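Visitor: Residues per chain, in single letters:
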Amino acid sequence: MAAKDLEIDTSTLVKKPKKTLQHTHDNLLRKIAIPTIYCPGCGIGTTINAFLEAITKYTIVPHDNILVVSGIGCSGRASGYVNLDGFHALHGRAIPFASGVEIARPKMKPVIISGDGDLFSIGLGHLAHAARRNIDMTVICVNNAIYGLTGGQDAPTTPVGAKSRTTPYGKISFPFNLSHVAIANGATFCARYTVYEFIQLAKAIGRGMTHQGFSFIEVISNCHVNFGRRNNLGDSIAMRKMFKKVRVPMKEEDIGLDIRKTDIKYEVGKGFTRIPTGIFLNERDKPEEFSERIIDAYEFNK
Amino acid sequence: MSSFSLEKKEDISIVLCGAAGQGIKTVEQFLTHALFQDGYNVATTKEYMSRVRGGTNSTEIRISSNRVSAFVDRIDIFIPLNKTAIARQRKRITSDTIIIGEPENISNEIDLAKHKVIEVSWSKIAEEIGNKIYSNVIAAGLIAELFNLDKEIGRKYLRDRFASKGEEIIENNFKAFNKGCEIADEIIKEKGLKIAIKKDPKNSKMSMYDGASVVGMGAIAGGCNFICSYPMSPSTGVLIFLAKHSDEFEILVEQAEDEIAAINAGLGAAYAGARALVSTSGGGFALMGEGISLSGMIETPIVIHVAQRPGPATGLPTRTEQGDLELVLYSGHGDFPRIILAPGSLEDAFSVTQKAFNMAEKYQTPVIILTDQFFMDLYYNFSPPDISQFTIENTVVKTTKDYQRYKLTKDGISPRGIPGFGEGLVRADSDEHDEDGFITEDLDGVRIKMVEKRFNKLAEITKNVIPPDLLGSKDYKTLVIGWGSTYTAIKEAIETIGRDDIGFLYFKQVYPLHPDTRKWLKKAEKLIIVENNVTSQFGKLIHLFADIKIKNKILKFNGMPFSVEELIEKIKKIVEA
Ligand SMILES: Cc1ncc(C[n+]2csc(CCOP(=O)(O)OP(=O)(O)O)c2C)c(N)n1
Ligand code: SF4
Ligand SMILES: [Mg+2]
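Residue numbers (the numbering used here), protein chains in the order written: chain A, 2 to 303; chain B, 334 to 910.
Worth flagging that the hints you see were computed from the coordinates, not collected in a lab. Take the hints with a grain of salt, since some may be wrong.
[As the list claims (entries may be wrong)] Restraint-style ranges between C-beta atoms, simulated for each label pair:
# : chain 1 : residue 1 : chain 2 : residue 2 : range
1 : A       : 106       : B       : 855       : 55 to 61 angstroms
2 : B       : 785       : A       : 298       : 35 to 41 angstroms
3 : A       : 81        : B       : 748       : 51 to 57 angstroms
Here the structure is a predicted model, which means the values were calculated and not measured. Glycine included, every Cβ here is placed at the ideal spot set by N, Cα and C.
Using the sequences and the hints given, assemble the complete structure.
Guide: Okay, here's the thing in structure tokens:
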């Protein structure tokens, strides 16, 4: 599985792609936009690929109903690379835009693919409220612990002590546990996987999309260029190997109400030392998602 | 084919072009540092794509006998570092341009018979040394040798730069550097490629900095001790500069969760007595609008640096424009005074930013410094100003028991107390308030007095406007008007045109306008305004506040700065019409 994951990822990275080399999801990519802007080995490629795998194999949502919305950031470029309806929003505002779409056209399934900074720094208020409303959307958050596109500044996920361009003496404040934040605000489906766990990630995205209501998928990704290099974590492969070593598979039953059990641990000099992964929450009996409720409340013609 | 010699040139423009992360930076940093160390005048400008790796970016390095720092279209030496480099810069490459690079980056792109091409397979040579990555140092060595760089300077630079990588890597870099020099010697011999740029004797008293660092230094000189900002290209360099030097200068730095938090935290810090800076770009500034208005209402000083990029919305994140003047002029609901500054040279960036803090402190109102991407990345050698000329004016008073934060005074400026310093209480309110800072709905009494009080400050501000600089002819018939970052290009264009009837009025404070603006403009027979935006926003401001409508507009809004050549052509056309 791991080998396959890496193999798929590198297909977009080879400098001179041979004509015969085809991407597994060639028909779903906007070829005119390829090669992507991503640094060779970046985990965002793996994330997009897992999303394409999910909509091909692991969800019942028809492609015509999917709308990919992303914010600004390296992760935010995702909407531009897939051959689906899409919108590249303002920084931090992908979720309220997608909420508007979902409420106006409930049959659409917005999938938000964006960064940890976009969704949890400038966009945190919107994420919290969309989760609270249980809007029927899937949020895929690429957590690379840094602001990639703008050159490596502090993110709300940057671990204590880690260096970034705006924390040159080491990060002082504490990072968010993103999954914790999503669940605390009312997300009804939540999963976290590293880019190392490709198939589990694809399946979780698929399940999240099939789920009716607000689903949140956190992807622990490698920004080896702007985070890894500055913190001596090595290249893309080294970071993925680290993910492999420190991931701790967890089940909903293991966590129960103590969502703190999913905290990520990091030590300066060593890197990540513990990354719990798995499906953390799958609330099937939660009251319906927002559009249903609004239609019922106003007795609109369905 | 004509000669390769550049001997007659007083300034040489070298353009490096290639993908991000591919070595442009290595070559650029080597050349700028080493050639400057060796005594040359060096200036660089940059344009790049919004991505971390790949794409096609370029850096222009100008080495000149007399100091110049503007962007020129002309390319004397072109170094394509990837296959798309020539295509991307084709419009600027002429039969005079000397192209030096890998055959595979050149031959498919250009007619070798019609251009001055020197093919060097540096990646192959680099592989012989041990690794392809050394090709950048070969290129750097080659160009350095054309300028007859003191080899010790080159070696010292490489030693410092690669110190952490170990002896072997340093040795290999030396080899690569020497190889580059050898190739250059052959080129000089075979092609007669000679360069005779003079060194600048004043150089040893100068330093090299970019716009972002100088704004940061000006802030430190202005007493800035607090920065809370949210990264946004192209403004982030200032935040990074202050974060890097926070230890040394005791500056409190915390990255905000967004721009709304940034300005409110800045205002909070200023209310508590800090000298606060917020750095952002247009989109972020738009989010700050309510905070700007709050600064106006609670009369709390704040300096906001806005590095402009083309909008609307996310626009072109890494490109340049002067499109946010009206945004900063009108941002914030309600009426309140403000100050807008726009430095165009690095020297001015220092002094204007320094002053901004004193102005904010004195008038207790928002002060906005407008720069842009071109200016943030503009990098050249200059003499750092004499720090002793600058004072940090502190207006904070120790409060007494009967202290009133918004005491009515003749000039509208109330003594500024801060909480915890003195016996009084310091109350502020975002609602309309009385002299004590308490909420009020006394419409015909307090409200009117407070609006007038806040506005009286504008008259004070107007008395102390930084005057524009008049360059070129004092007896001008034509007056060219510019503001902010267009300064270097307009100045060089006017000097090159060399007519004795053209003046250039360069504004570094754009609001309020200097009271003599109308007088200066009236003196000219012809007015030309030059702006990096589509609607001539400064022209509109002049029309509104100086009641003069400028007909001749030279406007550019493709995301690139003005080049000296296009300004020469356009100004001449208007002057000669
Ligand atoms: C209002 C506003 N502020 C700031 C920015 C600059 N900006 C663009 S992307 C970004 C952060 C990206 O980080 P993240 O969301 O983690 O994405 P990554 O690049 O790491 O995938 C910032 C601060 C902006 N575009 N708009
Ligand atoms: S900067 Fe980081 S997040 Fe952005 S493409 Fe490169 S590796 Fe990926
Ligand atoms: Mg990120």
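Visitor: Each hint: holds or not?
Guide: Okay, the hints, checked on the actual structure:
no.	hint	result
1	106/A <-> 855/B: 55 to 61 angstroms	holds (59 angstroms)
2	785/B <-> 298/A: 35 to 41 angstroms	violated (50 angstroms)
3	81/A <-> 748/B: 51 to 57 angstroms	holds (55 angstroms)
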